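Listed here are the chains, written in short residue letters.
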Amino acid sequence: MPENFRSVSAVWVGLVCLLFYSRLVRVGAAPICTNGQAGCHILSLADLFDRVIQHSARMHGISSDLHSEFEQYFFPSKNHIGRVNRICHTSTILTPNGKENAQRLAREELTEVILKLLVAWRDPLWHFQQSIAHHHDFNNFSSNKALEMSDMVHELRKGVEKVAEKMQMLGIISNSVNSLTSPEALIPSDRAEWRLMKDYVLLYCFRRDSNKVQNYLKILKCRIIPQHEC
Amino acid sequence: MRRAVGSVPLLLMLFFIGHAKETRYSPPGKPKLTSCRSPEKETFTCWWEPGSDGGLPTTYALYYRKENSDAVYECPDYHTAGENSCFFNKNDTSIWVNYNITVVATNALGSNFSDPVDVDVVYIVQPHTPENVTVTVMEDKDGPFLRVSWEPPRKADTRSGWITLIYELRVKLEGEEEWEEHRAGQQKMFNIFSLRSGGMYLVQVRCKPDHGFWSEWSSTTYIKVPDYFPRETSVWILIAVFSAFIFFILTWILNLKSNSVKHCLLPPVPGPKIKGFDKQLLKNGRSEEVFSALVVPGFPPTTSSDCEDLLVEYLEVYTPEEQELILEEGKDLQEGCLKSKGSPSDSDSGRGSCDSHTLLMEKCGEGEGKEEKHQERAQKGKRQQKHQTGWEEGDVSHTREDVLSPDMSEGRVKTWPSVFSPLPQYSSRPLDHQGSLETARQLCLSDSLFPPPSTSSHLSYNAKEGLALGSGQQEFYLGKKQTHPSNPQSQPRWHLQAHSDFNISSMDRKQAASGLQLPGFRSTEYVEVQRVNQEDMVILQPLFSSSCQRDGHLQIGQGEDYSKVKGVDSGNMLLLQREVEVKREEEDGDRYSCDIQDRVTESCYTTSTAASSQVTGKPTSCAGTAMPVQEEMVLAANGYVDAATMLL
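If you read the protein sequences in the order shown, they are chains A and B.
So the first sequence is numbered by our numbering: it starts at 1 and just counts up by one.
So the second sequence is numbered by our numbering: it starts at 1001 and just counts up by one.
Keep in mind the hints are simulated off the structure, nothing from the lab.
All figures in this text were calculated on a predicted structure; none of them were measured in a lab.
Don't be surprised by glycine CBs; every beta carbon is placed ideally from N, CA and C.
Take the hints with a grain of salt, since some may be wrong.
[As the list claims (entries may be wrong)] For each label pair, taking beta carbons as the anchor points, the in silico distance ranges come out as:
1. Trp1236(B) <-> Asn139(A): 55 to 63 Å
2. Thr1080(B) <-> Ala133(A): 48 to 56 Å
3. Ser1026(B) <-> Glu71(A): 33 to 41 Å
4. Ala133(A) <-> Ser1111(B): 28 to 36 Å
5. Phe1245(B) <-> Arg6(A): 44 to 52 Å
6. Arg6(A) <-> Leu1173(B): 52 to 60 Å
7. Asn1068(B) <-> Ser176(A): 28 to 36 Å
8. Lys1032(B) <-> Asp151(A): 38 to 46 Å
9. Arg1147(B) <-> Lys162(A): 33 to 41 Å
10. Leu1238(B) <-> Met169(A): 56 to 64 Å
11. Asn139(A) <-> Asp1077(B): 42 to 50 Å
[Unchecked claim] Covered by chain B, per the in silico footprint, the following chain A stretches (three or more residues, Cβ under 8 Å):
12. 91-100
13. 202-212
14. 219-228
From just these sequences and the hints, can you work out the full model?
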């Protein structure tokens, strides 16, 4: 009777999985209620902010890992390529580089900066992940990280947009925030050494920008909801 | 001389070094940037390590370039942070901007650049230690606990969310070496449980930004936990379980050893062991039944009994010279009353001597003290009986050989060691002092006095087998005896007493005769009554062990053996049965007392069914007197032996 037993157990496992998945899906699919519609789980702004901040923290961690890995394997000596001109394509975006500067910005502007950054990185990361997967320079672990990173940027942008929506709904910020277009990548080159340089610079730049995003989100949260872990 | 020579180059070297130090100047050595740190992500400081100064005063300058800009700036502040440092204040600090910093050492001869270092302030944050660390003892239902609270370092701006710090604290008991570390996350308060009562604790806290370096540990805070009684339920549960376990183990052991414990604490009270005594009846309280049960219905026996009921006391077989079979009738032997008596001619004192004619008994009343080693049974009423007269013989001229009377015991045969002195009538033969010994062996067979009630006419057997030394005399006594004085004639009892006197020949006799004796010589022989069979036959068995001799003289019983009693005829005559010769075994001379060691087992068959007691007789040992027993086991008997009296 092992066959019977196996089939029965498979059926049970399937049922259990279905149950869990339905639960998960239900939770995940719960939309953020804007008007207090019935059947949706209302997330508070604080919860949203927490989720978004956690997301950004994870994204920054992955980018740091990738960066250090790249630096260790491909640029053992810092001066190997001479002076590296690290010009990030997002340098055109004006971002506050100090606490006073950041606090001087309005909430909407701050939110906009965040969104701009996130938008700007969606395509380059996607390309980066593609190049890693195709050229086999990195190991599987790194390529998985790159893929996760690009997905996370995408998710984070959507999350921040949700937060902005909520804030706008709550009247915290005005409705001036809107979808933005992404700037083009700065150095589109396909030569081998440039590609490598491009990857390194990209990682370097993204690590910094993800840190910016995380920090800006924290500032925003503590400005809007000061009593919550600030 | 040599030492002086060796020291010269050393001196020269020193001179030159010193001189060289003085005269040689060089550009400064390469400085080295050791570290740059920012305490709050708003300012930062860089420290460098100067190289050799080249003997000249050297100045150090720090230059930096910001990212993607070629403008070179010099360090704005060399002093705030101390020696060989550069402090960047808020205005000069840009976060998320890559600084390219270089230190230049310059002296009169030249300058030297250090290696450039890229610094992004975000990644070099190392905050100050947390401040205001307070530890208090709080009380809880489970006991006291420590509440540690602190504040972030003053300069770190966590309120605006600019910097996020995570904290860590560590605790240890005073005197311990290992710290116990706890991550507190972003909270500024922490509880520590499971404290040792009365212990002194040390607490330290430190912090770290989410991407940065750990701060230094704060200064130690001491806190003393007050004494308290641990009310942890887990401890008590453990104790309870453990004690229950021990308790169960003890109970189990006690149960196993209950018997021995009972014996120890409550020693058993000996109860009555009277045969036929029913404890249950006694408990029931009916004394009449109890005592009536004690009464043996068949006792004293009134019905006639077979020969198997006879109690054979002793069997004395006489040689044809004497040919007198004296049977005593109606005389009760005093059990336990046969005493060894010293005859006047008995040189051995303390020896029991048995008269060849009369194995008795009148003298048995004397000298009770010879009784030995036979316990009296309470139930034996016979003890008081001392009937000896029946055993008296006409030839009392002989010195009596006293035989130690055995006690009557329940089915036990007791024998006495008796040593018999040579009878005076055998003085015709010179008896050596050591040579002649009479060894009387008596076998007292007695049956249980109180047989099970079913039996009736139970007799006690008193079989005595006496061995008397007599020269060529064998006496055979067969008699019946009444055991119960109260009914002297109510019940006939058979007492078979087989007594055979044997002459323990003297030395010379021994050496002289190895075979058959002269017709005139009759040697006594030790006979044991084996049993009385169904046809009223007393079966005697010669004692094999009596052949032990000093000199190992092999004695082979030759001739006829008349130790088997065929029966007693109507004329009160004991019929002996001729038997084949019996071989004796040679025994060691050492075992001169082994004639008595011969085991004698006699089973008395009674008419009653139940009481067939086995009588085991202990052979009497020739103790007391270490006279060698020499005897010849030559049997020469007549065809028959007269039975004097037989009570039927």
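Hints, one by one, checked against the model:
For the hinted restraint 55 to 63 Å between tryptophan 1236(B) and asparagine 139(A), the CB-CB distance of approximately 56 Å keeps it satisfied. As the Cβ distance of threonine 1080(B) to alanine 133(A) is approximately 50 Å, the hint placing it in 48 to 56 Å holds. For serine 1026(B) paired with glutamate 71(A), a C-beta distance near 36 Å keeps the hint of 33 to 41 Å intact. In this structure the hint that alanine 133(A) and serine 1111(B) lie 28 to 36 Å apart at CB is violated, the actual value being about 50 Å.
Between phenylalanine 1245(B) and arginine 6(A) the Cβ separation comes to about 45 Å, which falls inside the hinted range of 44 to 52 Å. Arginine 6(A) and leucine 1173(B) have their C-beta atoms about 57 Å apart, which keeps the hinted 52 to 60 Å range intact. Restraint check, asparagine 1068(B) to serine 176(A): a C-beta distance of roughly 30 Å satisfies the suggested window 28 to 36 Å. Remark: the range hint 38 to 46 Å for lysine 1032(B) to aspartate 151(A) is upheld by a beta-carbon distance near 43 Å.
Separation of arginine 1147(B) from lysine 162(A) is about 39 Å and conforms to the stated range, judged on CB atoms against 33 to 41 Å. At roughly 58 Å, the beta-carbon separation of leucine 1238(B) and methionine 169(A) lies within the given 56 to 64 Å, and the hint holds. The beta-carbon spacing between asparagine 139(A) and aspartate 1077(B), approximately 46 Å, falls within the hinted interval of 42 to 50 Å. Counting residues of the stretch 91-100 of chain A whose beta-carbon sits less than 8 Å from any beta-carbon of chain B gives 6, enough to reach three: the coverage restraint holds.
For the stretch 202-212 of chain A, the assignment as covered by chain B holds, since 3 residues bring a beta-carbon within under 8 Å of that chain's beta-carbons and 3 suffice. A stretch counts as covered by a chain when three or more of its residues have a beta carbon under 8 Å from one of that chain; for the stretch 219-228 of chain A and chain B the count is 6, and the coverage holds.
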